[in-house]
Amino acid sequence: MSDLEPRKRAVVFGYHNVGVRCLKVLLAGGVDVALVVTHEDSASENIWFESVISLCETEGIPYITPADARSPELLAQVQAAKPDLMFSFYYRNMLPAELLAVAPAFNMHGSLLPEYRGRAPVNWAVLHGATVTGATLHEMTVKPDAGAIVAQMEVPILPDDTAHEVFGKVQVAAEQALWRVLPSLLDGTAPRLHNDLSKGGYFGGRKPEDGRIDWFWPAQHVYNLHRAVAPPYPGAFTDIDGVRYVIQRARITGTGHGNFGNVVSLSLPPGLTVVDNCIFGVCGDGRMLTISALTADGEPITAEQLAIRLAART
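Read in order, the letters of the sequence shown correspond to residues 1 to 314 in the UniProt record's numbering.
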């Protein structure tokens, strides 16, 4: 875009770190952000991420926090902004057809579409043991995560990465993907690649209860669950005698060789146990998690304290 051409106007639906970073990319790329639609933070949620509202206040960008994305009032406000483009960066509500008809709309999704469509894509990727994920900018359609792919950026998932660590990488990938494709988006030459919905699949949102551990699962599955929901997410947990034990930090052990072979040889039943003043989670395949930080009803508990509690049950 030359200096003589008018700047493209955009309405941005955004929240979370990706909302902040991608909004900054638009501003740095010369986009006139006429309106931001975002969410009020919930008092019941652990707010560990950056604030789109704070960025709007710093940059002097008008913003609104409607409760209903389908309200006629919101549609009127977006139409009044007269955007050339619209973007959704981790906005949590589905946008109806009437809104999508206002201007070409693009969504940033936290996976390599068509993989892991739907909610909580990073958490699901970690839970399923994926070794790569990324960020995808795609055209928005009424069907979620189904539009043509405009840009993608891949990142690795290392064997011990938690979902929070992977999300940090995806956040950077989203920023890079948008930055690289933005000039062609603004001049109308951005690519449109086929989003093959016969591959991958849709996944729903995750609730804290989904972090419940079944110790009869194989150790790798239990470990992936821990990684997928480790803090700042609610955490993988087990209940014993009405007390909720949440794993804060853990690593998967070997198969009985090395330092922890003596633990496996004891043929302990699946569940939490304490051996040599260390906390373990014994799993259905005989392998274990070495748990270096554990809470009991929200308070840290030591191996010694846990051993006393477990002994009192026998």
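Hints should not be assumed to be uniformly reliable.
[Stated by the list, open to error] Quick list of in silico lysine-lysine cross-link-like pairs, DSBU-like style, CA-CA up to 30 angstroms: (1) Lys82 <-> Lys169; (2) Lys207 <-> Lys82; (3) Lys143 <-> Lys82; (4) Lys143 <-> Lys199; (5) Lys207 <-> Lys169; (6) Lys82 <-> Lys199; (7) Lys143 <-> Lys169; (8) Lys24 <-> Lys82; (9) Lys199 <-> Lys169.
Since the hints were derived computationally from the structure, they do not count as laboratory data.
Comparing the hints with the structure gives:
A threshold of 30 angstroms between alpha carbons decides the hint, and for lysine 82 with lysine 169 the separation of about 34 angstroms lies outside it, so the pair is violated. Straight-line distance between C-alpha atoms of lysine 207 and lysine 82 comes to about 38 angstroms, which puts the hinted pair past the 30 angstroms bound. With a C-alpha separation of about 24 angstroms, the suggested pair lysine 143 and lysine 82 falls inside the 30 angstroms cut-off, and the hint holds. The hinted pair formed by lysine 143 and lysine 199 meets the criterion: a straight-line CA distance of about 15 angstroms does not exceed 30 angstroms.
Among the hinted pairs, lysine 207 with lysine 169 is consistent with the structure: their alpha-carbon atoms are about 23 angstroms apart, no more than 30 angstroms. This hinted pair does not check out: lysine 82 and lysine 199 have alpha carbons roughly 36 angstroms apart, beyond 30 angstroms. Taking the CA atoms of lysine 143 and lysine 169, the gap is near 27 angstroms; set against the 30 angstroms cutoff, the hint holds. Of the supplied pair hints, the one linking lysine 24 and lysine 82 holds, its CA atoms being roughly 21 angstroms apart against a limit of 30 angstroms.
A distance of roughly 24 angstroms separates the Cα atoms of lysine 199 and lysine 169; the hinted pair therefore holds under the 30 angstroms criterion.
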